[in-house]
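K.L.:
Sequence:
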Amino acid sequence: MSITATEFKTNLSKYLTLSATEDIYITKNGKVIAKLTNPFQERVDTAKSLFGIIPSDITLEEAREEKLNKI
Numbered sequence: 014m015s016i017t018a019t020e021f022k023t024n025l026s027k028y029l030t031l032s033a034t035e036d037i038y039i040t041k042n043g044k045v046i047a048k049l050t051n052p053f054q055e056r057v058d059t060a061k062s063l064f065g066i067i068p069s070d071i072t073l074e075e076a077r078e079e080k081l082n083k084i
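For any residue, its number in this note's numbering is found by taking its place in the sequence shown, counting from 1, and adding 13.
Source of the hints: derived by calculation from the structure; they are not laboratory data.
Please note that a few of the clues may not be correct.
Listed below are the simulated EDC-like cross-link pairs for lysine to aspartate or glutamate, each with C-alpha atoms no more than 16 Å apart in a straight line [claimed, not checked]:
id, residue 1, residue 2
1, Lys41, Asp58
2, Lys48, Glu20
3, Lys44, Glu20
4, Lys61, Glu35
5, Lys41, Glu20
6, Lys48, Asp36
Each pair of labels, with its calculated beta carbon distance range [said to hold, decoys possible]:
id, residue 1, residue 2, range
7, Thr72, Thr19, 36 to 42 Å
8, Asp36, Leu73, 28 to 34 Å
9, Lys83, Lys48, 48 to 54 Å
10, Lys44, Thr23, 16 to 22 Å
Glycine residues also receive a C-beta, built at the ideal position from the N, C-alpha and C atoms.
The whole structure should be built from the sequences, with the hints applied where relevant.
P.N.:
Listed below in structure tokens is the structure:
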């Protein structure tokens, strides 16, 4: 999402909340001057990629043990 610096200043809390789920590019005079992003986005993406891979009836310890046995 791209917004102007004025829009960002006016609705700061809205864009801070949105930055948890998407990158916010802040522009001034039509040029990007800043990027607001989730500092843990890599972790979020990793967690999302695991949905459906680990069966719901297995504990975390069992999943770890199974992974170690495959190595």
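K.L.:
Taking the hints in turn, state whether each one holds.
P.N.:
We went through each hint and held it up to the structure:
no. : hint                       : in the structure
1   : Lys41 to Asp58             : violated, 30 Å
2   : Lys48 to Glu20             : holds, 14 Å
3   : Lys44 to Glu20             : holds, 14 Å
4   : Lys61 to Glu35             : holds, 14 Å
5   : Lys41 to Glu20             : holds, 10 Å
6   : Lys48 to Asp36             : holds, 7 Å
7   : Thr72 to Thr19: 36 to 42 Å : violated, 51 Å
8   : Asp36 to Leu73: 28 to 34 Å : holds, 30 Å
9   : Lys83 to Lys48: 48 to 54 Å : violated, 38 Å
10  : Lys44 to Thr23: 16 to 22 Å : holds, 19 Å
When held up to the earlier numbered hints, the structure conflicts with 1, 7, 9 and fits the remainder.
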